[in-house]
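Participant: Chains A and B, in that order, give the protein sequences.
In this text, residue positions in the first sequence follow the numbering used here: the first is 1, and each later residue adds one.
In this text, residue positions in the second sequence follow the numbering used here: the first is 1, and each later residue adds one.
Source of the hints: derived by calculation from the structure; they are not laboratory data.
For each residue, glycine too, the CB sits at the ideal point set by N, CA and C.
Certain hints may be false.
What follows is a set of in silico ranges between Cβ atoms, one per label pair, in the way DEER data are often shown [said to hold, decoys possible]:
#1 B:Gly99 x A:Ala60: 57 to 63 Å
#2 A:Ala44 x B:Arg261: 29 to 35 Å
#3 A:Met78 x B:Thr67: 31 to 37 Å
Calculated pairs, SDA-like style, for lysine to any residue (alpha carbon to alpha carbon, straight line, at most 20 Å) [what the hints assert, rightly or not]:
#4 A:Lys12 x B:Asp147
#5 B:Lys86 x A:Lys9
#6 B:Lys86 x A:Leu70
#7 A:Lys9 x B:Arg329
#8 B:Lys86 x A:Gly27
#9 A:Lys9 x B:Thr339
#10 B:Lys86 x A:Ala77
#11 A:Lys12 x B:Ala391
#12 A:Lys91 x B:Ala254
#13 A:Lys91 x B:Arg345
#14 A:Lys9 x B:Tyr371
#15 A:Lys9 x B:Val328
#16 A:Lys9 x B:Leu54
#17 A:Lys12 x A:Thr25
#18 A:Lys9 x B:Leu366
#19 A:Lys12 x B:Val328
#20 A:Lys12 x B:Arg333
#21 A:Lys12 x B:Lys86
#22 A:Lys91 x B:Ala391
#23 A:Lys49 x B:Ala391
#24 A:Lys9 x B:Ala391
#25 A:Lys12 x B:Ala448
#26 A:Lys12 x B:Glu340
The following residues of chain A were derived to be distant from chain B, with all beta-carbon distances above 10 Å [as the list claims (entries may be wrong)]:
#27 Ala14
#28 Glu24
#29 Asp32
#30 Val40
#31 Val66
#32 Glu74
#33 Asp81
Spelled out, the chains give:
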Amino acid sequence: MPVEIDIAKVAKLARIALTDEEQETYGRQLADILEHAARVQALATDGVKPTSHPLTMVNAFRPDEVTGSLPRDEVLAMAPDAVDGYFRVPKILDEQ
Amino acid sequence: MTGLSDLSIEAAGTGLRDGSFTSVELLAAVVRRAAITEAHHHAYLTIDRDGARLAAERADGELADGTDRGHLHGIPIALKDNMCTKGLETTASSQMLAGYEPPYDGTAVARLRAAGAVIVGKTNLDEFAMGSSTENSAYGPTRNPWDTDTVPGGSSGGSAAAVAVGSALGAYGSDTGGSIRQPAALSGVVGVKPTYGLVSRYGLIAFASSLDQIGPIARSVGDAAVLLEAVAGWDIHDATSYRGDVPAISEGLADGVDGVRIGVVTELMAEGIHDEVRSGTQEMIEQLSAAGAVVTEVSLPATEFALSAYYLIAPAECSANLARFDGVRYGLRVDGDTTEEMMQRSRAAGFGPEVTRRILLGTYALSAGYYDAFYGQAQKVRTLMRQDFEAAYKDVDVLVSPTSPTTAFPIGERTDDPLAMYYADVCTIPCNLSGDPAMSVPISLDTAGLPIGFQVMAPALGEEMMFRVGAAVERIADFDARPALASDEVVSA
Numbered sequence: 001m002p003v004e005i006d007i008a009k010v011a012k013l014a015r016i017a018l019t020d021e022e023q024e025t026y027g028r029q030l031a032d033i034l035e036h037a038a039r040v041q042a043l044a045t046d047g048v049k050p051t052s053h054p055l056t057m058v059n060a061f062r063p064d065e066v067t068g069s070l071p072r073d074e075v076l077a078m079a080p081d082a083v084d085g086y087f088r089v090p091k092i093l094d095e096q
Numbered sequence: 001m002t003g004l005s006d007l008s009i010e011a012a013g014t015g016l017r018d019g020s021f022t023s024v025e026l027l028a029a030v031v032r033r034a035a036i037t038e039a040h041h042h043a044y045l046t047i048d049r050d051g052a053r054l055a056a057e058r059a060d061g062e063l064a065d066g067t068d069r070g071h072l073h074g075i076p077i078a079l080k081d082n083m084c085t086k087g088l089e090t091t092a093s094s095q096m097l098a099g100y101e102p103p104y105d106g107t108a109v110a111r112l113r114a115a116g117a118v119i120v121g122k123t124n125l126d127e128f129a130m131g132s133s134t135e136n137s138a139y140g141p142t143r144n145p146w147d148t149d150t151v152p153g154g155s156s157g158g159s160a161a162a163v164a165v166g167s168a169l170g171a172y173g174s175d176t177g178g179s180i181r182q183p184a185a186l187s188g189v190v191g192v193k194p195t196y197g198l199v200s201r202y203g204l205i206a207f208a209s210s211l212d213q214i215g216p217i218a219r220s221v222g223d224a225a226v227l228l229e230a231v232a233g234w235d236i237h238d239a240t241s242y243r244g245d246v247p248a249i250s251e252g253l254a255d256g257v258d259g260v261r262i263g264v265v266t267e268l269m270a271e272g273i274h275d276e277v278r279s280g281t282q283e284m285i286e287q288l289s290a291a292g293a294v295v296t297e298v299s300l301p302a303t304e305f306a307l308s309a310y311y312l313i314a315p316a317e318c319s320a321n322l323a324r325f326d327g328v329r330y331g332l333r334v335d336g337d338t339t340e341e342m343m344q345r346s347r348a349a350g351f352g353p354e355v356t357r358r359i360l361l362g363t364y365a366l367s368a369g370y371y372d373a374f375y376g377q378a379q380k381v382r383t384l385m386r387q388d389f390e391a392a393y394k395d396v397d398v399l400v401s402p403t404s405p406t407t408a409f410p411i412g413e414r415t416d417d418p419l420a421m422y423y424a425d426v427c428t429i430p431c432n433l434s435g436d437p438a439m440s441v442p443i444s445l446d447t448a449g450l451p452i453g454f455q456v457m458a459p460a461l462g463e464e465m466m467f468r469v470g471a472a473v474e475r476i477a478d479f480d481a482r483p484a485l486a487s488d489e490v491v492s493a
């Protein structure tokens with residue numbers, strides 16, 4: 001069963017800039033892989049509950065104790081750009 | 001080749017305690033070995049000479065003062081480069097994290113330091129642990145010590161190769177779909193994926209969080225048990241870590257298989273498994289039977305769909321986990337006029353082809369309109385897989401199969417064919433889906449001189465029985481071959 005993929009849309013959702021050539025390659029490879037993966041659709045799964053996780057745990061509680069966090073300077077030292085104790089990114093909002 | 005770096009962890013521990021040699025000398029032997037082997041195999045991305053030497057000196061000083069931290073005290077080990085080590089570059093073999101020095105140790109790493117282990121360095125992997133050959137590394141492939149024209153398996157190929165050649169006494173990897181067991185099989189060493197949750201994932205760079213598990217790679221089942229015991233157990237930093245008592249991993253190593261019920265997985269002995277791998281596996285099964293095991297055939301019908309389900313679930317989780325690499329808090333940034341453009345360019349530049357492919361695949365599988373047909377259906381297959389295992393373990397103690405459908409394959413053979421590469425995990429994926437433990441033990445060489453691995457699977461928290469059977473397999477196989485190294489100097493190293 002051939003799988004239709006709007007690769008440009010998928011790449012946009014994934015926030016990965018792709019060249020036209022890359023879009024062609026990945027689009028074709030994804031179609032191949034998904035055609036194989038689509039075999040799961042052949043299996044009768046009426047009444048089967050999905051498993052999202054191997055553990056049947058419900059909630060994991062821990063004592064509500066105050067502990068230290070990582071030193072800000074050490075964390076920001078690995079940031080591509082930082083200023084005044086903050087991460088810096090390009091402008092998000094246009095000026096009004 | 002025999003030298004200090006070829007010792008078992010137990011023998012090295014004895015030598016350290018009876019004064020035959022020091023941890024500094026043991027480390028020096030391992031580093032000398034690496035100096036010879038690295039040019040041929042490229043197991044390491046980083047060797048931390050200074051940090052390792054300090055740790056070895058401390059270990060020696062403590063032993064001299066009567067402080068003994070146990071089995072790993074003073075033992076040189078290697079870590080897969082997706083395990084965060086404070087202040088020591090951790091790249092996950094990605095350009096995205098070139099130069100990244102974590103501000104903290106992962107829990108397994110912290111426990112190893114507390115156990116007195118000497119961390120030699122960080123080993124190569126498929127980028128972000130996505131691959132089955134260690135070819136998808138931004139820093140070049142690792143080569144199989146048994147034949148440098150072939151892959152060592154992956155994604156923990158660097159750890160497997162380091163242990164095989166003696167540039168570490170033991171190592172750790174991570175296993176999401178077989179990434180510890182398959183390289184162990186292809187490199188002729190022991191690899192263990194513990195029960196999901198037995199080892200904390202805190203500080204393991206996440207790939208697919210419901211599947212990822214840290215585990216040991218070693219030259220013997222006994223060494224693997226010691227390595228696992230050092231890192232197993234509940235951790236407040238990982239809400240999915242197991243809260244109960246750690247199984248008695250090494251209690252039954254000497255007990256043998258008399259009366260043990262062993263199930264052979266029909267679907268994993270069928271077509272697609274190479275003849276020599278199947279016949280080697282079959283021979284071991286017959287020997288286990290001769291040693292008193294009760295052997296039956298067991299069918300796990302969902303196995304047929306496990307690979308397909310995995311290649312929806314793992315990419316889905318990967319696409320969510322790798323969203324954090326956005327050029328803001330750490331990692332590569334490529335500038336853009338807007339934040340969105342910066343992110344798109346950074347991610348395009350930082351991720352290699354396989355990681356990009358899986359992020360796109362996962363994004364698609366989770367996107368509106370396709371979720372139920374792909375991801376939702378894959379999760380149901382996961383339920384069926386678990387049910388198959390649960391039913392099987394009512395009648396048998398362990399299940400066995402080949403670890404990998406083939407022995408090591410040539411470098412470059414599958415890099416342009418993702419589906420052929422994915423098939424390398426067909427025997428290992430079912431236990432990642434179920435969360436159950438599984439291990440690979442080397443049993444023999446094929447006619448090309450490449451190792452064959454034998455997989456032992458057990459129900460969740462069944463490590464004691466799994467290691468017991470694994471140790472019996474090891475004794476029966478008596479696999480004492482080691483890869484021939486390139487230089488005679490190795491003998492003295």
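Participant: All the hints need checking, so say for each whether the structure fits it.
Facilitator: Hints and how they fare:
Evaluation of the 57 to 63 Å hint for glycine 99 of chain B and alanine 60 of chain A yields a failure: the beta carbon distance comes to about 34 Å. At roughly 30 Å, the beta-carbon separation of alanine 44 of chain A and arginine 261 of chain B lies within the given 29 to 35 Å, and the hint holds. Between methionine 78 of chain A and threonine 67 of chain B the beta carbons are some 34 Å apart, a value that agrees with the proposed interval 31 to 37 Å. Of the supplied pair hints, the one linking lysine 12 of chain A and aspartate 147 of chain B is violated, its CA atoms being roughly 42 Å apart against a limit of 20 Å.
Only pairs whose Cα atoms come within 20 Å are accepted, and lysine 86 of chain B paired with lysine 9 of chain A is rejected, the gap being roughly 38 Å. A C-alpha spacing of about 12 Å is found between lysine 86 of chain B and leucine 70 of chain A, which places the hinted pair at or below 20 Å, so the restraint holds. As the CA atoms of lysine 9 of chain A and arginine 329 of chain B are separated by approximately 26 Å, the hinted pair breaks the 20 Å bound. Only pairs whose Cα atoms come within 20 Å are accepted, and lysine 86 of chain B paired with glycine 27 of chain A is rejected, the gap being roughly 39 Å.
Between lysine 9 of chain A and threonine 339 of chain B, the direct Cα distance comes to roughly 18 Å. Compliance with the 20 Å bound is thereby established for this hinted pair. For the suggested pair lysine 86 of chain B and alanine 77 of chain A, the alpha carbons sit about 13 Å apart, so the restraint of at most 20 Å is met. At most 20 Å may separate the alpha-carbon atoms for a hinted pair to count; lysine 12 of chain A and alanine 391 of chain B exceed this at roughly 44 Å. For a cut-off of 20 Å, the pair hint linking lysine 91 of chain A to alanine 254 of chain B is broken: about 65 Å separates their Cα positions.
Between lysine 91 of chain A and arginine 345 of chain B, the direct Cα distance comes to roughly 16 Å. Compliance with the 20 Å bound is thereby established for this hinted pair. About 15 Å separates the Cα atoms of lysine 9 of chain A and tyrosine 371 of chain B, which keeps this hinted pair within 20 Å; it holds. This hinted pair does not check out: lysine 9 of chain A and valine 328 of chain B have alpha carbons roughly 23 Å apart, beyond 20 Å. Restraint check for lysine 9 of chain A and leucine 54 of chain B: not satisfied, since their Cα atoms lie roughly 52 Å apart, outside the 20 Å limit.
Between lysine 12 of chain A and threonine 25 of chain A the alpha-carbon distance is near 16 Å, which keeps this suggested pair within the 20 Å criterion. The straight-line distance between the Cα atoms of lysine 9 of chain A and leucine 366 of chain B is roughly 13 Å, inside the 20 Å bound, and the hint therefore holds. At most 20 Å may separate the alpha-carbon atoms for a hinted pair to count; lysine 12 of chain A and valine 328 of chain B meet this at roughly 18 Å. For a cut-off of 20 Å, the pair hint linking lysine 12 of chain A to arginine 333 of chain B stands: about 18 Å separates their Cα positions.
Of the pairs offered as hints, the one joining lysine 12 of chain A and lysine 86 of chain B is violated, with about 34 Å between alpha carbons and a cut-off of 20 Å exceeded. For the proposed pair lysine 91 of chain A and alanine 391 of chain B, the alpha carbon gap of about 57 Å is over 20 Å, so the pair is violated. Restraint check for lysine 49 of chain A and alanine 391 of chain B: the C-alpha separation of about 17 Å stays at or below 20 Å, so the hint holds. Note on lysine 9 of chain A and alanine 391 of chain B: the hinted pairing is violated, with a Cα-Cα distance of about 43 Å set against a maximum of 20 Å.
Between lysine 12 of chain A and alanine 448 of chain B the CA atoms are separated by roughly 47 Å; this puts the pair beyond 20 Å, and the hint is violated. The hinted pair formed by lysine 12 of chain A and glutamate 340 of chain B meets the criterion: a straight-line CA distance of about 10 Å does not exceed 20 Å. Not every beta carbon of chain B lies more than 10 Å from that of alanine 14 of chain A, the smallest distance being close to 4 Å; the non-interface claim is violated. Here glutamate 24 of chain A stays apart from chain B, with its beta-carbon at least about 13 Å from theirs, past the 10 Å limit.
Remark: the non-interface label on aspartate 32 of chain A conflicts with the geometry, its nearest Cβ contact in chain B lying 6 Å away (cut-off 10 Å). With a least CB separation of 5 Å from chain B, valine 40 of chain A falls inside the 10 Å interface cut-off, contrary to its annotation. No beta-carbon of chain B comes within 10 Å of the beta-carbon of valine 66 of chain A; the shortest separation is about 14 Å. A beta-carbon of chain B comes within 10 Å of the beta-carbon of glutamate 74 of chain A; the shortest separation is about 4 Å.
A beta-carbon of chain B is positioned within 10 Å of the beta-carbon of aspartate 81 of chain A; the least distance is around 7 Å.
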